[in-house]
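Each protein sequence line maps, in turn, to chains A and B.
Numbering-wise (my numbering), the first sequence opens with residue 1 and increments by one.
Numbering-wise (my numbering), the second sequence opens with residue 1 and increments by one.
Check before you lean on any hint, since a few could be wrong.
With a straight-line Cα cutoff of 25 Å, these simulated SDA-like cross-link-like pairs (lysine to any residue) come out [to be verified]:
1. B:K434 / A:L55
2. B:K207 / A:S135
3. A:K48 / B:T187
4. B:K256 / B:D361
5. B:K128 / A:S135
6. B:K236 / A:V148
7. B:K236 / A:H63
8. B:K258 / A:V148
9. A:K48 / B:M444
Among the chain A residues that face chain B by a calculated CB cut under 10 Å, a handful are [as the list claims (entries may be wrong)]:
10. A53
11. A138
12. I152
13. S155
Just a sample of chain B residues kept apart from chain A, beta carbon distances all over 10 Å, derived [what the hints assert, rightly or not]:
14. V16
15. K45
16. D47
17. K128
18. E247
19. L263
20. K438
21. S443
Calculated from the structure, these hints are not laboratory results.
The C-beta atom is built at its ideal place from N, Cα and C for all residues, glycine as well.
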Amino acid sequence: MGESSTKRGLSVGQKQHVAGWFFLTPATILITIMSFYPMIQAFITSLKTGSSANLVWTKPIFHNYTRMFSDGLFIRSIGNTFLYLIVEVPIMLVLAILLAQILNNKDLKFRGFFRTCVFLPCATSLVSYSLIFKSLFATDGLINHILVKIGILESNYNFLGTSSSAKVVIILALIWRWTGYNMVFYLAGLQNIEYSVYEAAKIDGANGWKTFWHITVPLLKPTIIMTFIMSINGTLQLFDESVNLTKGGPANTTITMSHYIYNNSFGQGVANFGYASAMSFFVFVLVAVLAAINLKVGDSRD
Amino acid sequence: MMKKKVVSVLLASAMVASLAACGTGEGSASKGSSEKKAKKVDVTKEDKNTLSVYAWDKNFNIPALKAAEKAYQKKNPKFKLNIIEQSQSSDVETAITTAGSAGDFSTLPDIVLFQDHYIQKYVTDYPKAWINVDDADIDWKDFGEEKVSYSTIKGKHYGVPVDNGTVVFAYRVDLLEKCGYTLDDVTGITWDKFIEIGEKVHKETGKYLLSMDGDGNDLPYMMLQAEGASQFKDGKAYITDNKKLVEVINKIVEMKKKDVLYLANDWSDYTDQTIIGDKVAGVMNGNWIIPTIEQVKENEGKWEITSMPTLSGEEGYASNGGSSLYITSNCRKADLAKDFLAYTFGGGEGSQDTYDNALKDGGVITTCISAGKSEVYNEGVKYFKDQAIYSKIVEMGSHVKVVEQSDFHYTCREQIAAAIQNILNGTDTKTALKDAEKQLKFSMEK
């Protein structure tokens, strides 16, 4: 390199650099205008209060940030979101990996059909599937009908009107909607594992369980970490299910962070943009911290 | 192999292209339809006899506006009202929020229809978005005092009333009779007596005497207003120390526990399952609920309306919901707008025509006392056993007491609804209300 830079004009390396930056520029400019600039603006807004026509700086300057921790409803929305996260993500990922393992079996007939079936929920729109779940679990809906008919329930149960069962319904809905999506990543990951590795393991006398833990899981690690981060990120921003399935109710016991932020900026005639932006930044920090921990834990390099 | 690929790529691109065409096709179709070209207006391009207005319900308030346009054309034959339909009332609120936040009001129409419970907050938050109508030729005393109190901000009149939110209590008199009661037996009674009757009705007919949306519970507000009390005092939340409110909430809890009241999960459950689903023997809400009741065709002639029960047993009157017309600061023909509003909805010469046709075409009931005395208002309604419900509603509306309003009306409603849910789930009343008050106070501080 040192030798070539003494020549006149641009060296090959420099030319590559220029070309690289040239190709990067449009994306960089767009991402700056569309993402970074609004982020900075949102941060500035988060330090202000008042109606959106007349925003003034808060006193003290981080008032919106301290305020949210004395907001019982916001604390509850954090609790709910993390409950969904802790219960739903592990169940969903384990299911996804098991389904991927089963559907990766070379001897399975109608593999393509089953794969499509598992992935199909992902093709439905968030709003419509939420509404379908809502009508399924309605007080005079299908699920109640079946449970009463086979004698598990005595009379119709108000699933969405009781806070514990409403949370369960949300988690069920999430699992139904997102398992197939994660399974596709695992399937892709599994297909990258050489079949000979499994053959070697078989010859060495490893059973299915051992093969799964000692071969499949380590080799799938990058995929697992990626799906984990995506799921955490997605769950922390959970919005559609809370809005459409339960409207955050009953009595705001199933509300998620994003839903509460939305309510504060666009709901019920309140336009509390400053406070809502501050809460959004809190969610942003949470996602960043969780992703960082995840990456550190999953990093195999020393 | 190669051929197969080419074919599938072609098929896929054909599909994408045709779907994309769908999108544009739909767009041009709506452009061509008789509806106005766009949902946005540019008031600078209007001629001097045209006004534009935002409204949202083509079965309710839009016919009322059309009636007003026709009435005003008698005075000014060149007059045109450009009614721009919004899909819901919150679209109008969003339009004001957006314009107000940007400080650019040029996107607004001349006049907007606006919900009464929201207007105080929007005038406070975006004072530059409105033109007051204080100098319009309107006799404000000819309107229900309570209705006008919403659109009066700091002593200035900002809006002209359109519809009427007077609460009606509609009963299935056939079911009441089955249980041995008449309409008189449920008029001017205490809530305790109401609960007694409700229990009997549920036992004998399986129907609830009252239902409500559990998450957006309007009951506490209406019941409290009938007592002449408010959930706010001197601009502050007034809940735990408010004996009347505590009593009202106890009654609601008792009603629910004794199967007199059914609390639906949300608004659409309330209207679709309980009212249209024919689960109830009584409906209490703003009179705009009447078209919902009327959707059950087979119950024609079985309903009648009356006033609300109260704690003391007097006849109760309250109001819930409703909207008024407001002139935005983008209006360059404020004089025409004021004259139009005064002449039609404001009780002027054209008000009889306006309100009669608004009632006939849209079921919009006035709060204008003189307009409510016309023949149309005194006609019996078949669905309600030929009772002259409209004149009755106007009459009831004049008794509604003015109570303290707040910008945080809906926040309060939500918190009280949550408290009721919590009490029903076993929290004791004091703690639940304390929590509600704390959360409400929290939302109210800046």
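Hints, one by one, checked against the model:
1. B:K434 / A:L55: At roughly 31 Å apart (the allowed maximum being 25 Å), A:L55 and B:K434 break the hint.
2. B:K207 / A:S135: Given that 25 Å is the threshold and the Cα spacing comes to 22 Å, the pair holds.
3. A:K48 / B:T187: Outside the cut-off at roughly 52 Å; violated.
4. B:K256 / B:D361: violated (37 Å)
5. B:K128 / A:S135: With Cα atoms ~44 Å apart, B:K128 and A:S135 exceed 25 Å; violated.
6. B:K236 / A:V148: violated (48 Å)
7. B:K236 / A:H63: Answer holds: B:K236 to A:H63 is near 22 Å, not above 25 Å.
8. B:K258 / A:V148: Given that 25 Å is the threshold and the Cα spacing comes to 23 Å, the pair holds.
9. A:K48 / B:M444: holds (16 Å)
10. A53: holds (4 Å)
11. A138: holds (8 Å)
12. I152: violated (21 Å)
13. S155: violated (13 Å)
14. V16: holds (16 Å)
15. K45: holds (26 Å)
16. D47: holds (31 Å)
17. K128: violated (7 Å)
18. E247: At about 21 Å from chain A, B:E247 clears the 10 Å cut-off, so the statement holds.
19. L263: Violated, since 8 Å does not exceed 10 Å.
20. K438: Check fails; 7 Å does not lie beyond 10 Å.
21. S443: Violated, since 8 Å does not exceed 10 Å.
Checked against the numbered hints above, the structure breaks hints 1, 3, 4, 5, 6, 12, 13, 17, 19, 20 and 21 and satisfies the rest.
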